[in-house]
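Trainee: Residue numbers (the numbering used here), protein chains in the order written: chain A, 2 to 327; chain B, 224 to 579.
Simulated from the structure, these hints should not be mistaken for lab results.
C-beta: ideal position from N, C-alpha, C; glycine also.
One or more of the hints may lead you astray.
As the list claims (entries may be wrong) - Pair ranges (Cβ atoms, derived): (1) PRO566(B) <-> SER293(A): 49 to 55 Å; (2) ALA550(B) <-> ARG43(A): 55 to 61 Å; (3) SER314(A) <-> ARG375(B): 35 to 41 Å; (4) ARG245(B) <-> ALA88(A): 47 to 53 Å; (5) ARG43(A) <-> ALA433(B): 45 to 51 Å; (6) GLU275(A) <-> ALA433(B): 37 to 43 Å; (7) GLU515(B) <-> GLY136(A): 48 to 54 Å; (8) ARG471(B) <-> ASP179(A): 33 to 39 Å.
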Amino acid sequence: MTHSIPYVAAIDEAIREEMERDPSVLYFGQNIATAPEDPFLRQFGRDRVRVTPISETAEIGMATGAAMAGYRPVVELYMAEFLLVAADQVINEGPRFHFMSGGQVKVPVVLKAGYGFTCGWAGQHTGSIYGMFMGVPGLKVVLPATAADAKGLMTTAIRDDNPVLFLHHYLLALEPGDVPDGEYAIPFGKADVKRAGTDVTLVATGWTVGKALAAADRLAADGVSVEVIDPRTVSPLDTETILASVEKTGRLVLVDQATKHSSVAAVVAAEVAEKGFSSLRMPVSMVTALDSPIAYSQPVEDYVLPNEEKITSAIRQMLGLASATT
Amino acid sequence: MANTGPSAPTEQPSEDHGGLSRERLVWMYTQMARIREFEERVKRTFTDHPGVIRGHTHLADGAEASIVGSIAALQPGDQVMATYRCHGYPIAMGTGTKAMMAEIYGKSTGLCKGLGGSMHLADVERGFLGTSGIVAANLPLATGAAYAAQIRGQGQVVVCFFGDGASKQGAFHESLNIASLWKLPIVFVMENNHYNVSTRSEQEDANAAAGEPLSVKSVAYSMPGVTIDGGDPVGVHNVVRSAIERARSGGGPTLVESKVYRLSAHGNLIAPPGVPLHYPEHEAITIFGDREEYEAALRGDPLPRFRHTLVTGELLTADEADRIAQAVRAEIEQAVSFALDSPLPEPTAGLDYVYA
Numbered sequence: 002m003t004h005s006i007p008y009v010a011a012i013d014e015a016i017r018e019e020m021e022r023d024p025s026v027l028y029f030g031q032n033i034a035t036a037p038e039d040p041f042l043r044q045f046g047r048d049r050v051r052v053t054p055i056s057e058t059a060e061i062g063m064a065t066g067a068a069m070a071g072y073r074p075v076v077e078l079y080m081a082e083f084l085l086v087a088a089d090q091v092i093n094e095g096p097r098f099h100f101m102s103g104g105q106v107k108v109p110v111v112l113k114a115g116y117g118f119t120c121g122w123a124g125q126h127t128g129s130i131y132g133m134f135m136g137v138p139g140l141k142v143v144l145p146a147t148a149a150d151a152k153g154l155m156t157t158a159i160r161d162d163n164p165v166l167f168l169h170h171y172l173l174a175l176e177p178g179d180v181p182d183g184e185y186a187i188p189f190g191k192a193d194v195k196r197a198g199t200d201v202t203l204v205a206t207g208w209t210v211g212k213a214l215a216a217a218d219r220l221a222a223d224g225v226s227v228e229v230i231d232p233r234t235v236s237p238l239d240t241e242t243i244l245a246s247v248e249k250t251g252r253l254v255l256v257d258q259a260t261k262h263s264s265v266a267a268v269v270a271a272e273v274a275e276k277g278f279s280s281l282r283m284p285v286s287m288v289t290a291l292d293s294p295i296a297y298s299q300p301v302e303d304y305v306l307p308n309e310e311k312i313t314s315a316i317r318q319m320l321g322l323a324s325a326t327t
Numbered sequence: 224m225a226n227t228g229p230s231a232p233t234e235q236p237s238e239d240h241g242g243l244s245r246e247r248l249v250w251m252y253t254q255m256a257r258i259r260e261f262e263e264r265v266k267r268t269f270t271d272h273p274g275v276i277r278g279h280t281h282l283a284d285g286a287e288a289s290i291v292g293s294i295a296a297l298q299p300g301d302q303v304m305a306t307y308r309c310h311g312y313p314i315a316m317g318t319g320t321k322a323m324m325a326e327i328y329g330k331s332t333g334l335c336k337g338l339g340g341s342m343h344l345a346d347v348e349r350g351f352l353g354t355s356g357i358v359a360a361n362l363p364l365a366t367g368a369a370y371a372a373q374i375r376g377q378g379q380v381v382v383c384f385f386g387d388g389a390s391k392q393g394a395f396h397e398s399l400n401i402a403s404l405w406k407l408p409i410v411f412v413m414e415n416n417h418y419n420v421s422t423r424s425e426q427e428d429a430n431a432a433a434g435e436p437l438s439v440k441s442v443a444y445s446m447p448g449v450t451i452d453g454g455d456p457v458g459v460h461n462v463v464r465s466a467i468e469r470a471r472s473g474g475g476p477t478l479v480e481s482k483v484y485r486l487s488a489h490g491n492l493i494a495p496p497g498v499p500l501h502y503p504e505h506e507a508i509t510i511f512g513d514r515e516e517y518e519a520a521l522r523g524d525p526l527p528r529f530r531h532t533l534v535t536g537e538l539l540t541a542d543e544a545d546r547i548a549q550a551v552r553a554e555i556e557q558a559v560s561f562a563l564d565s566p567l568p569e570p571t572a573g574l575d576y577v578y579a
């Protein structure tokens, strides 16, 4: 059985269900549980649900410390850029302790932050900065694209014994979707084939998954069969599913809201070049954000981002088709 | 000594030895001697066995009284987090010196299987949760452990050790703010050795430059602050014990500034491979040309000072003190032999603990 709820509600549902299941799960951070009638606060009490000062280094470091002492904190960080204030704690503390202690401690922390808020939030609140984190050993990075994935991946993030960066996409926050009732966990490192196809492999993450599916719909009208793959977790990254698809299609288009050199697309391109080169019938095509900060004004913002049009024309060009008439 | 902030703990006069039994005092002296001998053998390793210790080590010699006085105030279940200058705490908490020396020598028998090294000792079973090699990064971690202790509600307290340099980091201020705001069961012990790697405190600390004790920083976070002589283990014990009791009873955190003098340089020489490593002289001499400051610190060395206190107080005979020294030398000699004889880890161990 499923029920239809927005993406953002699906995340809350996973956190609530895990807090009900496991008393060691904590939820604290910025701008949560400020009012006494907050539903999390009412259900779980102030010990487990707490608003923090705007102190990212302390919030994230405390989560690591509480995790080392036996709890499973979920930290609400609000916006992905705020992670940068506390880069040491995100990169160089939590993800290191299991290793440095020779396995003595575990750090089951979820860092929850929104990203990619490209709707006029300008230069410092719009980044798709997962590329900075996906190569950090000891850290896992999750990018849900649908309400169901958001629930299933948050459940798994909370149950994982490692620090997990759970980046939800702000432009998807109110997108409704069918979400399984009750306990629902999606394994990490398992890509989802969002649409099966035979001519072109299209890999996309987060908000660009919807754009990729729309482009695939349009191309289907022209008889082009596009396979759309969403890795869902970029660390661990399921390269096997992508390689198997490329073996079938021989063509690979990589869509990413991040700037090219800090993108999942760049990493997938390298993996396929190394392990699937002989499957490729032509060079890989990259449809990423242009190497620019995000502008405030809409036409400038639109210009640098990938969109359905850019994806469609990249595929048409790859297949030697005329430009779209519609 | 200076007391600042609301209801700061007061330093008890040491004449009655803080109510500590003779056995406890001798135990404290023995732990101080073990730490000193351990650190001297780490230092000697650079000349006795060149190449065995890699990277950077940081020694606790000079801070033994502060370390042991603080650790002696812990109850079972209490936890500790510290910095890269971390050899002293686990010794006082009961960690075996063989596994510690083996870790510093990078051996598979080490406390952390050779993956952590000198800067990253951890002994979770004994409550030593670990360290960070980044200045002040352990304060948020310890504050989080204290949050866990508060939720658990079993009366545990966390003691967080750091240097005076850490108090110039945002992590220090963020942590003290939340710890006080949430009344977390934690004691912040700042070991002020007056040097921040190579600068003196008054070069980078506004309070120090103004001639104030660094414990005044507690006032900004509405918690008690106290500055004490870190060379007197009984005095340290009394103050830290009352701060721990305050934390345990829900009174919240305390900032203890414990004034110590590190008797070694910040660390061994920082050099690329191929350059033999060794300990240079203390920065007082190498940078500031102040040999007299260093000589005065040696004259105030807390280890002989405590021995003198115990012997003149007829709590320890000179013979007993000599026997302790002998036993400690034998113990640490065995730790060195064990570490030297232990195998290096399998190279593939590097992939064993990336993820839990």
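Trainee: Determine for every hint whether it applies to the structure shown.
Mentor: Results for each hint:
1. PRO566(B) <-> SER293(A): 49 to 55 Å: The hint (49 to 55 Å, Cβ to Cβ) holds, given that PRO566(B) and SER293(A) are roughly 53 Å apart.
2. ALA550(B) <-> ARG43(A): 55 to 61 Å: Since ALA550(B) and ARG43(A) have Cβ atoms about 60 Å apart, the given range 55 to 61 Å holds.
3. SER314(A) <-> ARG375(B): 35 to 41 Å: 58 Å, violated
4. ARG245(B) <-> ALA88(A): 47 to 53 Å: 51 Å, holds
5. ARG43(A) <-> ALA433(B): 45 to 51 Å: With Cβ atoms ~48 Å apart, the hint holds.
6. GLU275(A) <-> ALA433(B): 37 to 43 Å: 60 Å, violated
7. GLU515(B) <-> GLY136(A): 48 to 54 Å: Holds - the Cβ-Cβ distance for GLU515(B) and GLY136(A), about 51 Å, lies within 48 to 54 Å.
8. ARG471(B) <-> ASP179(A): 33 to 39 Å: Given about 51 Å between the Cβ atoms, the range is violated.
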